[in-house]
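If you're matching them up, the sequences are chains A and B in order.
Per our numbering, residue 1 is the first one in the first sequence, and the count goes up by one each step.
Per our numbering, residue 1 is the first one in the second sequence, and the count goes up by one each step.
Just so you know, the hints here were simulated from the structure itself, not pulled from any lab data.
A couple of the hints might just be wrong.
Which copy? The list can't say, so a pair holds if one copy fits it or any two copies do.
The calculated DSS-like cross-link candidates involving lysine-lysine, where the alpha carbons are at most 25 angstroms apart (straight line), are [what the hints assert, rightly or not]:
(1) Lys144 with Lys241
(2) Lys227 with Lys241
(3) Lys107 with Lys144
(4) Lys127 with Lys311
(5) Lys227 with Lys311
(6) Lys321 with Lys311
(7) Lys107 with Lys82
(8) Lys127 with Lys219
(9) Lys321 with Lys82
(10) Lys227 with Lys321
(11) Lys227 with Lys144
(12) Lys219 with Lys241
(13) Lys144 with Lys111
(14) Lys321 with Lys52
(15) Lys241 with Lys99
(16) Lys111 with Lys127
For reference, the chains in residue letters:
2 protein chains.
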Amino acid sequence: MLIFWATGCKYKGNEIPKAEGTPSAKPDAVVSDPLPSWNNGPLKESIIAYVKGVTDTASHTFIPVIDRIATFDNDGTLWAEKPFVQELFIQYRVRRMVKDNPALANKQPFKAVLEGNKSYFTTGGDKAIIQLIAAMHTGMTADKFELAVHDFFAYATYPRLNVPIRDIIYQPQLELLQYLRSNGFTTFICTGGTAEFVRGISWQLYDIPKYQVIGTTFKYQYNDSIKSVIRQPVLTLINDKEGKPAGIATFIGQRPVFACGNEGGEGDIAMLTFCQGSRYPSYQLLINHDDSTREFYYQEQSNASLNAAAKNNWHVVSMQKDWQRVFPDTSQQH
Amino acid sequence: MLIFWATGCKYKGNEIPKAEGTPSAKPDAVVSDPLPSWNNGPLKESIIAYVKGVTDTASHTFIPVIDRIATFDNDGTLWAEKPFVQELFIQYRVRRMVKDNPALANKQPFKAVLEGNKSYFTTGGDKAIIQLIAAMHTGMTADKFELAVHDFFAYATYPRLNVPIRDIIYQPQLELLQYLRSNGFTTFICTGGTAEFVRGISWQLYDIPKYQVIGTTFKYQYNDSIKSVIRQPVLTLINDKEGKPAGIATFIGQRPVFACGNEGGEGDIAMLTFCQGSRYPSYQLLINHDDSTREFYYQEQSNASLNAAAKNNWHVVSMQKDWQRVFPDTSQQH
Chain A
1 MLIFWATGCK
11 YKGNEIPKAE
21 GTPSAKPDAV
31 VSDPLPSWNN
41 GPLKESIIAY
51 VKGVTDTASH
61 TFIPVIDRIA
71 TFDNDGTLWA
81 EKPFVQELFI
91 QYRVRRMVKD
101 NPALANKQPF
111 KAVLEGNKSY
121 FTTGGDKAII
131 QLIAAMHTGM
141 TADKFELAVH
151 DFFAYATYPR
161 LNVPIRDIIY
171 QPQLELLQYL
181 RSNGFTTFIC
191 TGGTAEFVRG
201 ISWQLYDIPK
211 YQVIGTTFKY
221 QYNDSIKSVI
231 RQPVLTLIND
241 KEGKPAGIAT
251 FIGQRPVFAC
261 GNEGGEGDIA
271 MLTFCQGSRY
281 PSYQLLINHD
291 DSTREFYYQE
301 QSNASLNAAA
311 KNNWHVVSMQ
321 KDWQRVFPDT
331 SQQH
Chain B
1 MLIFWATGCK
11 YKGNEIPKAE
21 GTPSAKPDAV
31 VSDPLPSWNN
41 GPLKESIIAY
51 VKGVTDTASH
61 TFIPVIDRIA
71 TFDNDGTLWA
81 EKPFVQELFI
91 QYRVRRMVKD
101 NPALANKQPF
111 KAVLEGNKSY
121 FTTGGDKAII
131 QLIAAMHTGM
141 TADKFELAVH
151 DFFAYATYPR
161 LNVPIRDIIY
171 QPQLELLQYL
181 RSNGFTTFIC
191 TGGTAEFVRG
201 ISWQLYDIPK
211 YQVIGTTFKY
221 QYNDSIKSVI
231 RQPVLTLIND
241 KEGKPAGIAT
251 FIGQRPVFAC
261 GNEGGEGDIA
271 MLTFCQGSRY
281 PSYQLLINHD
291 DSTREFYYQE
301 QSNASLNAAA
311 KNNWHVVSMQ
321 KDWQRVFPDT
331 SQQH
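So here's chain A without its partners, still in its complex pose (with noise of 0.2 angstroms):
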């Protein structure tokens, strides 16, 4: 996957990215192969049969393609959480901040931030939260915070890994998703990150558009003499746990088929029993990161994933397993 992130745009020139949703494979191609990194098995069998099954015109476990809705966490189903890219970001943003006006090194919230004092927004709650945001965005538009996200991007790298952050994404699941897009799926990201930030980077990543991003969502407001919407601080949805359905039926108003999220923070057994609710044949898949060499080893304490999982008859991805390659070969890439 090349990316140009020096322009800002996956595309050189005035190249025509394929539209949404369209097979990017000829109908007629035979495709070996479309999961080249994950190891063959009972899992990576279950999936092909699945799709094969819902787009199979002659069986009764076809589903049409306008309720072909799949929805994918982002943080440790995507790309890697250990840090959060997230806090990351906020953290390159605050010391930014900080950079262009030394004063507000001595003020909350970005002492907490510039301190590493995690706990001032764990008591805190979703006011410091909430305040951390506003300070971020103070007098900035939309627009302007999208130039900030690929500014972040183009500069930042991953600790423990060393690498920029565009390496820290799952080879597997971009075949997966391009391989649920090419059998006529529309693929969702459902975050627990804010939207704008995803929105940032989610066609450059994961070939998303914007529009098919819903993550935790702050009230906008339309300002007419700039012509510009800006963020309040007020949050409307916090996408996470039970917010994920809810965000689900607030952006996209149906189901999803097929939902894939992560052990590790219990964020998305609801949107998994969510999507088991669905009236056509479903498919869940949950990442366990069982895989201390190549990425992190972490269980919940609760194990509530694992055991709704269990429970559920969801399916299992074992990093250590099923994945061939974790990360995407980027030797060719710089």
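Fit chain B to the known structure of chain A by using the hints.
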């Protein structure tokens, strides 16, 4: 346009509908007139010239597919609004509910609806409207609400024109939507009506998926015990006037380059202004309800929409002069 209302589905059997955004015409096909219900003249020529300019990779006016976002108002822009269809739906639902439970006839807000007491809602404002919506949705999941919408469209007729509701959509606009999509645009509805109501018929009437409908939005809550989402009596977005750019920022996350609204209620001025702020070449279209013979003649007292159009060089559709036909030819359908 054939619509199979009886089955609640546009497609017979397992026929596969086209994927969103997929050009339905072959790339090489010569289309003699993409807008046959539009009279020839400067307005039609300007639409076609705009679309050719933004799809020409050799032109400085070229826009990448991912940024070809078009937003359309619904009431008075895609279908007639005298009266509002959603008002008819409310009356229909209330009568159904009262039939099932006659005691409701003496309770507000049902009483006001049955008596045609509009002042109850105009003086009661948001609170009265929220009360009405809440009353109509008591104990109803999103899935059940959609069935109620389908039920309404299957049986209701439009007053004054005395036709099924599906026959009050504007044929020239169906052609315009299709023309834009076949040129790589993604078409959104941006309506003052409630999102769920319009989503109930957007695919059947306009080939627009649910997730490309932005409307007035209520808060959802996920109920784990029934694995469904329930609409709460809390408004999160009033998608009218200045609410439209806010809705677009929330749901689409980027400015449209093509926006179409109508004069009549001053509802689309902010959306068209927001569109005009695009960094790309943009196109604003405003429908003027000046055809008393084939549709309804009505003009704003303030003339605000037409004044804004004149001031900002927006394109104005004279329904009387620019549209060769207003409604679909349904003589073959019934």
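Q) Broken hints, numbered, in rising order? A) Hints 4, 7, 10 and 15 are the ones this structure does not satisfy, whereas the remaining hints hold.
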